[in-house]
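Each chain is listed here by its residues.
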Amino acid sequence: MKKNLWKSEGFKSLIASLICIVLGMLIGFLVLLFINPAGAAEAIFTVMKNFFTYSRTSAQLKYFGSTLVKTAPLLMCALSIMFAYKVGLFNIGASGQYCAGICACLYAALKWHWGWLPCMLFAILAGAVFGSIVGLLKSYCNVNEVISGIMLNWIILYGTNMILSQVKETTSPYTFEIRTTSPEAILPSLGLGKLFNNNIYVTIAIPLSIIMAILIMILLDKTKFGYELKATGFNKNAARYCGMAEKKNTILTLAIAGGLAGMGASLLYQTGFTQWECSTSSVPGMGFNGIAATFLGGLNPIGTIFSSYFIQHITAGGAYVDKTMYCSQISDLISAIIIYLCGFVLFLKLAMNAIVSRREEKEIKKSELENDKGGIA
Amino acid sequence: MNMIISSIPTILMIVAPILITAIGGMICERSGVVNIALEGLMGIGACAAASTHYLMEAAGCGRYSIAVALLVGMLVSGLFSLIHAVASINFNADQTISGTGINLLADGVTIFASQILFHADRTKEFKVGMVVDKLGLYPTAYIALVVVLVAWYVLYKTPFGLHLRACGEHPAAAESVGINVRRIRYIGVGVSGILSGLAGGCIVLTQTIQYTSNTINGRGFIAIAAVAFGRWTPLGVTGAAFLFGAAQAFSVIATNFPALKVIPAEWFNMLPYAITLIALIVFSGKDYAPQASGKPYSGGAS
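As you go down the protein sequences, you meet chains F and R in turn. Residue numbers for the first sequence follow my numbering, so the first one is 1 and each next one is one higher. Residue numbers for the second sequence follow my numbering, so the first one is 1 and each next one is one higher.
I should point out that these hints are in silico values taken from the structure, not numbers from a laboratory. C-beta atoms are modelled at their ideal positions from N, C-alpha and C, and glycine is treated no differently. A few of these clues could be false.
To be verified - In silico DSS-like pairs for lysine-lysine, Cα to Cα no more than 30 Å straight-line: (1) K49/F - K111/F; (2) K222/F - K362/F; (3) K12/F - K194/F; (4) K236/F - K248/F; (5) K86/F - K194/F; (6) K62/F - K236/F; (7) K349/F - K373/F; (8) K295/R - K168/F; (9) K349/F - K365/F; (10) K248/F - K12/F; (11) K111/F - K261/R; (12) K295/R - K248/F; (13) K230/F - K247/F; (14) K86/F - K295/R; (15) K62/F - K194/F; (16) K12/F - K365/F; (17) K230/F - K295/R; (18) K247/F - K295/R; (19) K349/F - K230/F; (20) K224/F - K248/F; (21) K111/F - K12/F; (22) K157/R - K12/F; (23) K295/R - K236/F; (24) K295/R - K323/F; (25) K323/F - K349/F; (26) K86/F - K248/F; (27) K365/F - K62/F; (28) K261/R - K349/F; (29) K194/F - K222/F; (30) K236/F - K86/F.
What the hints assert, rightly or not - Short, incomplete list of chain R residues facing chain F, as computed with Cβ under 8 Å: (31) E266; (32) L277; (33) L280.
Claimed, not checked - Pair by pair, the computed Cβ-Cβ distance ranges are: (34) V177/R - K373/F: 24 to 34 Å; (35) E125/R - I214/F: 47 to 57 Å; (36) S281/F - L137/R: 45 to 55 Å; (37) N235/F - E169/R: 47 to 57 Å; (38) L260/R - S282/F: 55 to 65 Å; (39) F234/F - T255/R: 48 to 58 Å; (40) L137/R - L18/F: 47 to 57 Å.
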């Protein structure tokens with residue numbers, strides 16, 4: 001029984017992810033100890049507890065809802081990166097595609113007063129366009145997708161600032177409040193908000209993102225297209241030899257990945273949870289955190305749901321750390337440490353594979369030896 | 001014409017750090033490790049240099065503090081780059097992911113260090129940074145020149161350079177003739193870390209008066225693009241760094257021309273990245289990257 005468990009890929013991914021989380025927490029704890037030993041244990045528990053710091057159930061529910069609201073876009077970004085990674089592409093441009101999605105949905109909502117669905121589709125389109133640009137450059141101009149993705153991130157960021165300046169308030173760098181300016185662009189709640197103690201930001205965005213995760217899983221595991229993509233990721237040359245259109249698949253993959261990231265933007269910004277600041281000087285971190293969520297989730301769509309939630313959980317939890325003892329950036333640092341360790345999930349899995357196969361080899365040899373002995377006797 | 005000559009010092013000021021970083025990145029990739037963490041390493045170097053310079057200035061030993069600040073920046077960032085070295089050389093981790101992780105970590109660490117030292121999310125402003133010489137040039141221009149020349153000499157004229165290039169092209173072959181691939185790759189990553197730290201220090205001591213989270217602002221990534229665009233050779237990388245640096249300088253200089261003020265500032269901010277991207281597209285084609293760059297080498301087994 002135990003042996004079978006160690007052979008299962010999913011179990012190994014889970015263990016690897018858990019080890020990374022524990023290690024991250026441990027290092028974070030050591031850093032806290034270094035700064036102020038008095039409150040280290042309490043602080044790390046606060047980060048883990050997040051909304052459980054509130055004693056009333058109603059408040060707990062409300063802030064649980066807020067954490068979920070922020071999980072939806074992260075999940076979409078993580079799906080975007082995971083989807084591209086399955087084909088052997090590193091979509092570091094997800095941040096930019098996410099940013100393009102913000103630009104598209106906010107502009108459509110605040111300037112043209114579109115409904116929520118057209119706004120979302122527009123955001124998806126914007127993300128997909130920039131995703132496919134990266135794909136085109138990769139397949140026809142041999143430009144590395146990491147470099148072109150990063151350059152596009154900056155171009156899109158400044159473009160977004162410029163375009164959204166047209167729909168910003170005159171006295172502040174923030175865009176108009178979407179809830180008052182164009183309420184028709186707000187995603188419908190369908191009574192979900194009531195479940196979370198009337199948290200108005202809880203909308204269909206959350207179930208929608210989970211449905212997308214499941215759809216992506218079906219696409220990857222159950223369709224011919226998904227099979228081709230994975231084959232290209234495993235061995236590009238073999239896939240080409242089998243007649244799979246490698247270039248077309250590259251472009252299509254990045255277009256879908258971009259669309260997912262763009263949709264993530266719409267899922268956050270069309271709830272009215274935050275506004276865009278038109279003087280932003282760095283690309284939104286959502287796409288970068290998505291990288292961590294992807295690997296922490298073991299490159300599995302369902303695992304990604306939980307890892308995205310976990311990352312938002314500790315990020316939100318960092319806000320409750322005692323500010324008299326630690327500075328407010330401590331939460332960012334701890335999540336950065338965990339995120340860095342997430343990169344090692346794959347490494348841990350490889351190491352586990354090696355150990356398991358070595359053990360198997362030993363057992364086979366042992367049984368062979370015993371067989372030999374039996375033969376002699 | 002006068003305008004162009006008068007803007008040469010500005011261009012050199014902006015080109016120098018990009019060039020220094022790009023040379024570091026080139027050496028690192030030539031040894032077979034892709035270092036996408038240049039951006040974060042520059043930030044760490046800049047933060048360390050700015051803090052050191054401020055503290056020494058406040059303590060009254062401003063005379064030597066520029067040199068010491070640069071050295072501290074190089075040291076801290078060099079040590080930080082070892083994380084990437086361990087991850088990608090010993091643990092065979094995905095180098096792009098490790099690099100991205102360091103970039104994220106650098107953001108947290110620098111702000112965090114400023115919090116501890118200065119109780120703010122940035123370092124305190126120092127009074128005097130580097131000073132210009134008679135020609136109006138900052139010393140960084142000369143530092144960059146030295147770095148390029150030394151890099152060229154070491155890479156092409158010494159046995160060590162040959163070993164390093166061999167490790168990036170065919171590590172198994174290099175190992176078969178007795179070269180310690182891991183050691184060489186450690187040196188490659190370390191050098192890129194040290195040079196990124198130097199460049200970060202150069203930026204903070206010439207272009208601004210303190211370190212903030214926006215000090216580096218994508219220059220590390222532009223340096224990475226310069227490595228690819230310069231086709232992994234010192235001369236090519238120098239040319240690419242000049243092109244991209246000039247584009248960046250243009251966005252600074254453009255504010256001096258009244259005729260260009262009508263155009264929103266965002267266009268000029270976008271320009272360096274757009275030019276970098278267009279240059280990569282126009283001059284794309286054959287893959288000139290070192291053969292084994294980015295691929296982990298587990299040694300002996302193959």
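Let me make sure I understand: some of the numbered hints might not hold for this structure. Which ones are they, in numerical order? When the structure is compared with the hints, numbers 1, 2, 3, 5, 6, 7, 8, 10, 21, 22, 24, 25, 27, 28, 29, 34, 36, 37, 38 turn out to be violated.
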